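Asker: Sequence:
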Amino acid sequence: FQLVESGGGLAQPGGSLKLSCVASESIENHLMAWYRQVPGNERDLLAQISRDGAPDYMNIAKARFTISRDNAKNTVYLQINNLKPEDTATYYCNAHRLIPAAIYWGRGVQVTVSS
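To convert, take the position in the sequence shown, counting from 1, and add 39; that gives the working numbering.
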């Protein structure tokens, strides 16, 4: 079970990015989530989405982030609007399956917000 993120890169403040995370297998039975990490800091949870598509956002992500999933495409998305320099980080996709228990991580995608 592999996760591959894409959609990152260099963006200007105020712009938008949509990150994608494609799984090598079905994600139907997985809770999916997006994290981000700045070098020297812990990896922080931004948002997660349940198997039936119910999103849950951490406070830091409530205003500008939207998580969504397309089980038919084995893909989870993270839309980031009104980008800020402090959004610069590596963004990671996470899949969590309860039965049997398993947690998977992607390798991450870099987002750099700069003018």
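Bear in mind the hints are in silico, worked out from the structure with no lab data behind them.
Keep in mind it's a predicted model, so treat the numbers as computed, not measured.
Ideal Cβ positions, reconstructed from N, Cα and C, are used throughout, including at glycine.
Some clues are possibly wrong.
Restricting the straight-line Cα-Cα distance to at most 30 Å, the calculated cross-link-like pairs of lysine-lysine (DSS-like) are [said to hold, decoys possible]:
1) LYS112 with LYS57
2) LYS112 with LYS101
3) LYS123 with LYS57
4) LYS123 with LYS101
5) LYS101 with LYS57
Just the calculated beta-carbon pair ranges, DEER-fashion [what the hints assert, rightly or not]:
6) ALA93 with GLY46: 34 to 40 Å
7) ARG90 with SER154: 36 to 42 Å
8) SER107 with GLY53: 17 to 23 Å
Asker: Quick one: which hint numbers does this structure break? Sort them smallest to largest.
Answerer: Failing hint: just 6.
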